[in-house]
Structure formats: structure tokens, C-alpha cells
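Trainee: If you want the building blocks of each chain, they are given just below.
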Amino acid sequence: MLKIRGLSYRYPGAEAHALDNVSISVTRGRILGLLGPNGAGKSTLADHLAGLIKVQHGTIELDGLSITEARRRDPTRIAVAPQNFAFYPVLTVTENLACFVAANRLRGASARSAIERCLAFTQLEAHADTRAEHLSGGFRRRLNLAIALLSDPELLVLDEPTVGVDPRSRALLLNAVKGLAASGTALIYTSHYMEEVEAIADDVAILHRGRLLRHNTLKNLLSEGGAHLQITLVELPPADLVQRLAGYGRVRAKGLHLTVELFSGISPAAPLAAVDKSGANIRETRFGQYSLDQLFRRLTEYS
Amino acid sequence: MLAGLIRKELLVLSRDPHALAALFLMPAVFIIVMSFALKNMYAPSLDRLAYGIVSSENTEIATRFMHIWENTHGPALGLDPNWTHALRQGRLDYVLTLEAGMAEAISSPHPPPEAVVRLQAEPGLDQGALRALQAELTNSLSDLRASALQAEWPDLMPAVTLSILHFVAVEQISTDTAKPSAVQQNVPAWLVFGMFFVVTAIASLFVQEQRDGTLARLAGIGVPHRIQVLAKALPYVAVNIAQAALMIAVGVYLMPLLGGEALSLAGIHWPALTLVVGAVSFAAIGFALLLACLVRTHAQANALGPMLNILMAAFGGIMVPTFVMPTAMQTAATYSPMNWGLEGLLTVLLRHGDVSETLPWVGRLCLFGAITLLLAGTLFPRRIKR
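From first to last, the protein sequence lines stand for chains A and B. Anchor point for the first sequence: position 209 equals 209 in my numbering, and the numbering is continuous, going up by one each time. Add 1000 to a position in the second sequence, counting from 1, and you land on the number used in my numbering.
There's no promise every hint is true.
A short, non-exhaustive set of chain A residues, derived as facing chain B with CB atoms under 8 Å [unchecked claim]:
| # | residue |
| --- | --- |
| 1 | G51 |
| 2 | V55 |
| 3 | E69 |
| 4 | R71 |
| 5 | P75 |
| 6 | N84 |
| 7 | F87 |
| 8 | Y88 |
| 9 | V90 |
| 10 | A103 |
| 11 | N104 |
| 12 | R105 |
Reference listing, derived: stretches of chain B covered by chain A, where coverage requires no fewer than 3 residues with Cβ under 8 Å from a Cβ of chain A [claimed, not checked]:
| # | segment |
| --- | --- |
| 13 | 1006 to 1020 |
| 14 | 1214 to 1227 |
These are computed hints drawn from the structure, not numbers from a lab. Since the model is a prediction, treat every value here as computed from it, not as a measurement. Glycine included, C-beta positions come from ideal geometry on N, C-alpha and C.
Given these sequences and hints, build the entire structure.
Mentor: Structure representation (C-alpha cells):
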């Protein structure tokens, strides 16, 4: 549905690119988890999709149409729920929805229907007449999402939608996101909570300093991380131990701790035997697959 | 789309008590307070001044003089021995002293060696009022002297009317009122001031929406920039019209209830008034939108807006009327948009001017509004980024 190819963007006066040759695709009914530390370029990408900044280099296509043309024909096909509470605090939930439904060019029965649908979807009916400024953080997030859903978008960009929400609202929002994907909406979900992305995303893209480090299915990405062996020694390792272990994987040494990211097909027994042979005494070992969080940190740390 | 955004703007404004107070209560209070405070400055009525007469004479001429003066100025107040202190303190506006020998001097063909009638005024008496009293005093004594000389030498002087008052006619061109009152000056002045106060309301809300990301969100939905600007401007036209209606109502109905003078609307040209109010609104909103696009924080919006308003008001003759300013300041006043608005409204409310007579002021206001709106429209897209 959405195809981004070779997208680069540099803000006026900036030395570095905010986005540097980024290529991502998003499919209907799937959730793309977009990860990256602060300043990675996630918001710049979202601003491109929202039409707030123009493409400098590369292309963004929505069903074969350039993003400019697609937005010109129907700007409501893509909706963005920003990280900010982008609504009017002194207005009630319904008044806020009425304002944005009007901005979406909906009137009369279709406007009322959209408001009722979004109130129900986000379970905000009981707070329909409450001013937004009096809502809790979780309900504000729901309102932020409800506004984005008014136009029943084909592509929904959610920017940190669970920041500062209680567990109940978090669960509701995550279920809502999965429900939207199940109904055919394409979603881009940015978050700093890796466990959330791991729980709901079908695909993951990792941005760092404007560059795309990885873009794959979640399953492939996790398996790509491979296995890792963490060894804690009793005393500092012999000088040649790191070199000995390098034949089994990429080695990081820090004080008494050694981490070996095992090459494909290598079992942990071989590096452990090498440590033993070097004369070093092992206090503790850990072996396992990388989680998304570990993978993300590893990738962004090395890049 | 536009209607929904306008409704939102009005709802947000209606729930901001501070903005409502600044837009409606503040100018109304200014009209009332300043009209009473500056009442005598705008129209120092000579017949309402507190005065006393000290007479060392008990002659017919002195009695006639006092009778003539009291007919015009009301009865003189009784003076205690320490009346000079009361005069210095302003509890008395002036005192007339009829010196001994006044009757003789007036009936004599030769001028007296010293003044026989003295006018002493309190330090704060308006210079214009003092000169008017002096002229009236001179005229009264001239009449008395002419009559006395005629009675003294009837053969020498023919029996003709000698009073020079009959030779001079003074008329101030006006409509149904003799001269502008404090209310007639203050209602338009503070109305213009209040209308320009939309600057703070618009700029403050704009900063809030920019920070919350609602402007960007609306742009993301595909709301064109011009619609966003229009949706911000149009509600404030309604606000300005409501302000005009309220301030004029304060002048017409409330001021007399409080014991002040009423603003008279008899004979005014309503289309001209509508045009001037519309032009002031256009200029104020254009200026407000430009400022909104320039400021980046609430602190800037809340400080810069009122500060510029007060400066424009001070220069433009809102706080201090231009006629009391020195020439250089009067020239500077002509560059203040608030002065254009004030002069336009005075043209209608005081001089009963029609549309064509307001055009110089309306033209300047519209040009100012168009330039500021154009600049705001150019800056607006840059300010909606998240």
C-alpha cells in the first residue's frame, strides 16, 4: 500500500540528514513497528506522511500514486495520531470530535455516525461531555486516537500512543490497534516500549540517525539476531581470550563480562571450552536469543 | 469545514474568562472611569466652577457686577478668611476680588493706576477656562464702564448701545451638541483599544494550538492554510462587533445611569459607523494574526500583545487626547492605527460624517489590515510544523 523509496530529507540549515536514503513499505492489515532513538527521524517520516513537509529526495507512493497526488485527491486516507495531545483542552470530548469531523469534511448523519463510532471504539462514551482537560492521561490518549480514526483512514500512523497511560488504557489501545489491523487498516506504530512492538507488530523498521538499520518481519528480525552467550569471570580475562573467542562470534569485553554473539550454527559449548582452556574461571554464564529490545540496543549501539 | 472551525474558535474563547474580561469588561470599565476622570478636561464648564467674590465696595456698580456674574456662573460661595489656602488646594476654582475704588475707576475716563478687579485661579485650572473667564470678566466690566460713562456724561456720549458684545459672534460648528464631551471622546477611544485587544486572545490561542500540534493536525487532515487563517479571523469580527455594540450601549445607557453624560447617537450616519468599525476590526485582526505568527511562547504573546497595544494607544491619542499633545507628538499620533480608528469613529460620532468623510481613515486601516494579513498568511505555514 505505502512504498517509500530512497527518502532523504535535510532541514534547512542542518548539516546532517534527518532521513538518509530510507526505504520502507507498509501493507494493508499489517502493523509496522517503527523504532528508533530520539532524533532517529521517526517524526520527520510521520511529517512526510501527514503532508507537513515535502519530499526532497526519493519517493513516497500510496497505491501507486505519489503522496502529494494521493493527499490532493483525498487527504483523509492517511491519519496521524501525534505524540502530543493534539486537541482542544477546554472543549469536551464530543466537541473536539465535532471540530475534527468538520475538518474531515463530514457533515450531518455521516458526521454523527463517525463520532459515535469513534466514541464506541475507544470506549469514551461515558466521558463524551467531559472537557478534555479533565480527562486522565489514558483517556486523553484514547481521544487522540479517536480523532485520528474519524476519517476511517486506510493508513494510520500512531506516534508513541501509550506514553503515560495506565495499564488498562494501554491494553485497550493495543487491542484497538490489533483490531484496526485485522479490519484491513495499515498501521505504522512508533514506540519506545519494545515489548509493545514485539507484542503487536508484524514488521519492524529500525531507524538511527536518519538511516534505516533494519526493515524486516518481526520473526525474521529476531532470528537474525541469533544467539548470544554472556560469560562472567571470577577474575579479569587473559589477554588473548578475546582473540580466541573471535572465531565463534563477535566478542565484547567489559571488565569481568564477556558477550559473544554467536555465528550461525555455533553452539555455546565451543566458546565455553575455549574459556576453560585459557585457564579463566567462570562465575556465571547466560545463553539465549536476543529480544527486540536487546537487538535494538545492539544495532543502535554499533551503528 | 469552516463553520466547524469557527464554532470551535468561539467555544474556546467563550471558555476563557480572562480573554473575555480583557475584550469586554476592560474597555467598558475604561470608558466609565476615564469619562468621569477626564470630564473637566474635555469640557471645563465655566458655570460649574466653584468661585467666591471678595468685595471691598458697597456701590451700585459693584452690586450690578456681582449680579451679572452670578446670573451666568451661579451663586458665589461664602468665603472664610483663609480662602487663599482653599484656592491653593483646589477646593475653590477661582476668586474675584473687587478692590476699593472700583466704581470710581470704572466711571472715570482715565485708566486706574492699578487693577480694580482681580481674578485668582487655582493652580490646576485649565488654561482655556482661565482665558475664557478673563475674557468674560473684561466684557462684563466693559459693559459696566460704557454704561457708567454714558450716565456720567449723557451729552458727551450719544444714547447708543456701547457694549462690544453685540459686535462679535462666536459659534462652534457642531451638530446637536455644543462641544464634545468626555463620553464622546472616551467611548470611541476605548472601543478602538478594546478591539485591538483581540491581539492577545488570538496570539495566545495560536501559540497553544501550535504547541499542542492541533494546527499541524488540521493541516494533516487537509485543511488549507487559508481556511485555518479565516477560521481564526472571522470569529473575532463577531467579537469586535459585539464589543462595539456593548461600548456604545455603555455610553448611551449606562453612563447617564451613573450620573455622567450620555453618548448621543442622534443624527449619526450608521453605514459610516459600520464601515469604520469593520475597518478597525480588519486592522486589529490582521495585526493580531501577524503577531500570533511571530511569537513563539505564551510569555511572548501575553507580554508583547498588550505592550504594543498600550504603545499604540499612548501614541494614538487613546490614553491622552491628541489635542493636549505637543505638535511633534500629534504628528507621531497620525502613524498609529489606533489613531486612525479613533479619528474615523470621531468623524462619525462627533462630526456626523458620512461614508465619504471616513474614507481617509478607513483606507489607512484597510491597507494596514491587508499588509499584516498578507504577512501572517506568508508566515502561517512555517508555524504549523510540529
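Trainee: Could you run down the list of hints and mark each one as holding or not?
Mentor: Hints, verified against the model:
1. G51: holds, 6 Å
2. V55: violated, 15 Å
3. E69: violated, 13 Å
4. R71: holds, 7 Å
5. P75: holds, 3 Å
6. N84: A/N84 check passes; min Cβ-Cβ to chain B is 4 Å, inside 8 Å.
7. F87: This hint holds: A/F87 lies near chain B, its Cβ roughly 6 Å from the closest one there, short of 8 Å.
8. Y88: holds, 6 Å
9. V90: holds, 4 Å
10. A103: holds, 5 Å
11. N104: holds, 6 Å
12. R105: Hint holds; A/R105 Cβ to chain B Cβ min 6 Å, cut 8 Å.
13. 1006 to 1020: holds (count 6)
14. 1214 to 1227: holds (count 9)
Violated hints, in rising order: 2 and 3; the structure is consistent with all others.
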